[in-house]
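2 protein chains.
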Amino acid sequence: MPSPREAPRKLQEALDDAVAKVNKTIERLMPETDLPEARLYEAMRYGVLNGGKRLRSFMIIQTANLFKVDENRSRRVAAALEMLHSYSLIHDDLPAMDDADLRRGKPSVHVEFDEATAILAGDALLTLSFEILSDPATHEDPRIRCELVSALAKAAGGHGMVGGQMLDLMAETEDFDLGTISRLQRMKTGKLMAFACEAGAILGRADPAHRKALMNYAHDLGAAFQVTDDVLDVEGDENTIGKPANQDDAAGKATFVSAMGKEQAKMRAEMLVQQAIRHLKPFEGARASLLKDLALYVLERRA
Amino acid sequence: MPSPREAPRKLQEALDDAVAKVNKTIERLMPETDLPEARLYEAMRYGVLNGGKRLRSFMIIQTANLFKVDENRSRRVAAALEMLHSYSLIHDDLPAMDDADLRRGKPSVHVEFDEATAILAGDALLTLSFEILSDPATHEDPRIRCELVSALAKAAGGHGMVGGQMLDLMAETEDFDLGTISRLQRMKTGKLMAFACEAGAILGRADPAHRKALMNYAHDLGAAFQVTDDVLDVEGDENTIGKPANQDDAAGKATFVSAMGKEQAKMRAEMLVQQAIRHLKPFEGARASLLKDLALYVLERRA
Numbered sequence: 001m002p003s004p005r006e007a008p009r010k011l012q013e014a015l016d017d018a019v020a021k022v023n024k025t026i027e028r029l030m031p032e033t034d035l036p037e038a039r040l041y042e043a044m045r046y047g048v049l050n051g052g053k054r055l056r057s058f059m060i061i062q063t064a065n066l067f068k069v070d071e072n073r074s075r076r077v078a079a080a081l082e083m084l085h086s087y088s089l090i091h092d093d094l095p096a097m098d099d100a101d102l103r104r105g106k107p108s109v110h111v112e113f114d115e116a117t118a119i120l121a122g123d124a125l126l127t128l129s130f131e132i133l134s135d136p137a138t139h140e141d142p143r144i145r146c147e148l149v150s151a152l153a154k155a156a157g158g159h160g161m162v163g164g165q166m167l168d169l170m171a172e173t174e175d176f177d178l179g180t181i182s183r184l185q186r187m188k189t190g191k192l193m194a195f196a197c198e199a200g201a202i203l204g205r206a207d208p209a210h211r212k213a214l215m216n217y218a219h220d221l222g223a224a225f226q227v228t229d230d231v232l233d234v235e236g237d238e239n240t241i242g243k244p245a246n247q248d249d250a251a252g253k254a255t256f257v258s259a260m261g262k263e264q265a266k267m268r269a270e271m272l273v274q275q276a277i278r279h280l281k282p283f284e285g286a287r288a289s290l291l292k293d294l295a296l297y298v299l300e301r302r303a
Numbered sequence: 001m002p003s004p005r006e007a008p009r010k011l012q013e014a015l016d017d018a019v020a021k022v023n024k025t026i027e028r029l030m031p032e033t034d035l036p037e038a039r040l041y042e043a044m045r046y047g048v049l050n051g052g053k054r055l056r057s058f059m060i061i062q063t064a065n066l067f068k069v070d071e072n073r074s075r076r077v078a079a080a081l082e083m084l085h086s087y088s089l090i091h092d093d094l095p096a097m098d099d100a101d102l103r104r105g106k107p108s109v110h111v112e113f114d115e116a117t118a119i120l121a122g123d124a125l126l127t128l129s130f131e132i133l134s135d136p137a138t139h140e141d142p143r144i145r146c147e148l149v150s151a152l153a154k155a156a157g158g159h160g161m162v163g164g165q166m167l168d169l170m171a172e173t174e175d176f177d178l179g180t181i182s183r184l185q186r187m188k189t190g191k192l193m194a195f196a197c198e199a200g201a202i203l204g205r206a207d208p209a210h211r212k213a214l215m216n217y218a219h220d221l222g223a224a225f226q227v228t229d230d231v232l233d234v235e236g237d238e239n240t241i242g243k244p245a246n247q248d249d250a251a252g253k254a255t256f257v258s259a260m261g262k263e264q265a266k267m268r269a270e271m272l273v274q275q276a277i278r279h280l281k282p283f284e285g286a287r288a289s290l291l292k293d294l295a296l297y298v299l300e301r302r303a
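Going down the list, the sequences are from chains B and H. Our numbering numbers the first residue of the first sequence as 1 and each following residue consecutively. Our numbering numbers the first residue of the second sequence as 1 and each following residue consecutively.
Calculated from the structure, these hints are not laboratory results. Each hint should be verified, as a subset may be incorrect.
[What the hints assert, rightly or not] Result set (BS3-like, lysine-lysine): computed pairs, CA atoms no more than 27 Å apart in a straight line:
| id | chain 1 | residue 1 | chain 2 | residue 2 |
| --- | --- | --- | --- | --- |
| 1 | H | 154 | B | 154 |
| 2 | H | 21 | H | 292 |
| 3 | H | 292 | H | 281 |
| 4 | B | 154 | H | 21 |
| 5 | H | 106 | H | 53 |
| 6 | H | 266 | H | 281 |
| 7 | H | 292 | H | 212 |
| 8 | H | 154 | B | 24 |
| 9 | B | 154 | B | 68 |
| 10 | H | 154 | B | 21 |
| 11 | H | 10 | H | 281 |
| 12 | H | 21 | H | 53 |
| 13 | B | 292 | B | 266 |
| 14 | B | 68 | B | 106 |
| 15 | B | 154 | H | 24 |
[To be verified] Only part of the chain B face toward chain H is listed, based on derived beta-carbon distances under 10 Å:
| id | residue |
| --- | --- |
| 16 | 41 |
| 17 | 131 |
| 18 | 132 |
| 19 | 134 |
| 20 | 146 |
| 21 | 154 |
| 22 | 187 |
| 23 | 259 |
| 24 | 268 |
[Stated by the list, open to error] Computed Cβ-Cβ distance ranges for the label pairs, DEER-style:
| id | chain 1 | residue 1 | chain 2 | residue 2 | range |
| --- | --- | --- | --- | --- | --- |
| 25 | B | 51 | H | 212 | 41 to 49 Å |
| 26 | B | 100 | H | 51 | 35 to 43 Å |
| 27 | H | 112 | B | 53 | 32 to 40 Å |
| 28 | H | 287 | B | 205 | 35 to 43 Å |
| 29 | B | 100 | H | 282 | 36 to 44 Å |
| 30 | B | 281 | H | 99 | 49 to 57 Å |
| 31 | H | 261 | B | 173 | 50 to 58 Å |
| 32 | H | 100 | B | 33 | 25 to 33 Å |
| 33 | B | 286 | H | 173 | 52 to 60 Å |
| 34 | H | 261 | B | 53 | 53 to 61 Å |
| 35 | H | 16 | B | 106 | 51 to 59 Å |
In this text the structure is predicted, and so the values were computed from the model without any measurement. Heads up, the beta-carbon is just placed ideally off N, CA and C, and yes, glycines get one too.
Just need the whole structure built from these sequences, with the hints factored in.
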């Protein structure tokens, strides 16, 4: 999301640092193989190591940082979450779903490999993310590991991300009201963002109030991010040369802009960001400043 | 697999009992919902509660029984494993994979619903199986829960079941030798069967030797099962009216029969079953007798 020329320098450095470190962890946890199933791992690596901005990783690492968690731990959890996030994109891009040939300007996994390989690569990535979380290398306390598995499964499952994708597909033919659109977005992207911050809190053995505050921050940030995404989609032609505008509208997707208009949507994003920042109150201090910067940046971004 | 008129009465009763109890547990863990994502849960329930024989559930329950584990626990693990097994069948049936319109004589999930819903239902089932295993209701000791998550993820992932499915697809265009076919089958079906027995051992806090013995039993049983499946496929027209024979051969699938001939394949199944039974030695006694009966039955079955 943030591009080098726009994000404040300190935030950008921290974002770049998260990308480099988490990619290294992913490389290590998912090495190439000489075994006959090599093609599967090529597809998995292609799908995950594709230049993603690792926003969720950044959120895990920064949140864990509030509690002075060893970064080797938060990086493993971040790698697991990026694998899960990538699986959802690989399956989302399939012909039967969004039918997207490109992802970050490169052929999507089912185009570069084939549909069957893309389905299986997604399945294997989802499975691997739980294998990593349950590994003692992630945390020596099995209670912490179980909490991570449980929280991720809830965020990513049928009443979380996958349920949100189901609603997103249904929105193409059904007229959802604003409440249902909000819930859809919260499920589809908000819950995984909330997990990112929850994971930091779990690793840091935060008390319930602090854990809840961080999840609320993430929910509001995710919602603001989604609203600004919708706004950028309709403004695409005004700001970015060559970016097709109104893609969502053309696809009949449920967006905040179509539901409440562009100006109202912008005000909503502003309100959500202020709300997100208020949730950081219990963590006032230098350690929380990057999370605050990230929230403010959501309003400024242009791509 | 076993049908009422063929399996020994005691074995059949225990198999029927496992079906009834595990289906009840699945119903409870995956209830219908009034939420907007109801369609997803309908598809998930349709895919799991489809008359499956719950062979893996039987193996978990019986193995856990060797260690006198509370059956409420083994049934939850069995439900999780059946969900995972069902997800693999739902994805396997997709047009891009095996393109199967029928499953147990009923329309497969993507036919009854649609392709996108089938992909998402599979994803949600896989995710839910890990949610169940990590739940304190499965076992109060988080170390046990983590071991279950880890063992299932390894059995089901890229070097396990999903990797085996990848190889199975590759076998349609590549000539694999007998060693690779064996490895393919071990990955595709053997590892999940081994997990069933391993799970019982984990729940029972078995020592490593007993745990290994049960996994070896399951591996050999799974392999024997696969070989007899291949034999039944070519003998289908001789024994069963209306069942299309030589399906695997027509699809260019790597089978034991195509690799070693029918008579050799039958001898191999016999040998594997005897080997499976030898692994039960440390558990001699009444409690292991049903596992022994199951192994013997694999050779007798006709469907």
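Hint by hint, here is what the structure shows:
no., hint, result
1, H:154 <-> B:154, "holds (20 Å)"
2, H:21 <-> H:292, "holds (22 Å)"
3, H:292 <-> H:281, "holds (10 Å)"
4, B:154 <-> H:21, "holds (25 Å)"
5, H:106 <-> H:53, "holds (15 Å)"
6, H:266 <-> H:281, "holds (24 Å)"
7, H:292 <-> H:212, "holds (17 Å)"
8, H:154 <-> B:24, "holds (22 Å)"
9, B:154 <-> B:68, "holds (26 Å)"
10, H:154 <-> B:21, "holds (25 Å)"
11, H:10 <-> H:281, "holds (21 Å)"
12, H:21 <-> H:53, "holds (12 Å)"
13, B:292 <-> B:266, "holds (19 Å)"
14, B:68 <-> B:106, "violated (37 Å)"
15, B:154 <-> H:24, "holds (22 Å)"
16, 41, "holds (6 Å)"
17, 131, "holds (4 Å)"
18, 132, "holds (8 Å)"
19, 134, "holds (4 Å)"
20, 146, "holds (4 Å)"
21, 154, "holds (6 Å)"
22, 187, "holds (8 Å)"
23, 259, "violated (15 Å)"
24, 268, "violated (21 Å)"
25, B:51 <-> H:212: 41 to 49 Å, "holds (43 Å)"
26, B:100 <-> H:51: 35 to 43 Å, "holds (36 Å)"
27, H:112 <-> B:53: 32 to 40 Å, "holds (38 Å)"
28, H:287 <-> B:205: 35 to 43 Å, "holds (41 Å)"
29, B:100 <-> H:282: 36 to 44 Å, "violated (54 Å)"
30, B:281 <-> H:99: 49 to 57 Å, "holds (55 Å)"
31, H:261 <-> B:173: 50 to 58 Å, "holds (53 Å)"
32, H:100 <-> B:33: 25 to 33 Å, "holds (29 Å)"
33, B:286 <-> H:173: 52 to 60 Å, "holds (58 Å)"
34, H:261 <-> B:53: 53 to 61 Å, "holds (56 Å)"
35, H:16 <-> B:106: 51 to 59 Å, "holds (52 Å)"
Hint compliance for this structure: hints 14, 23, 24 and 29 are broken, all remaining hints hold.
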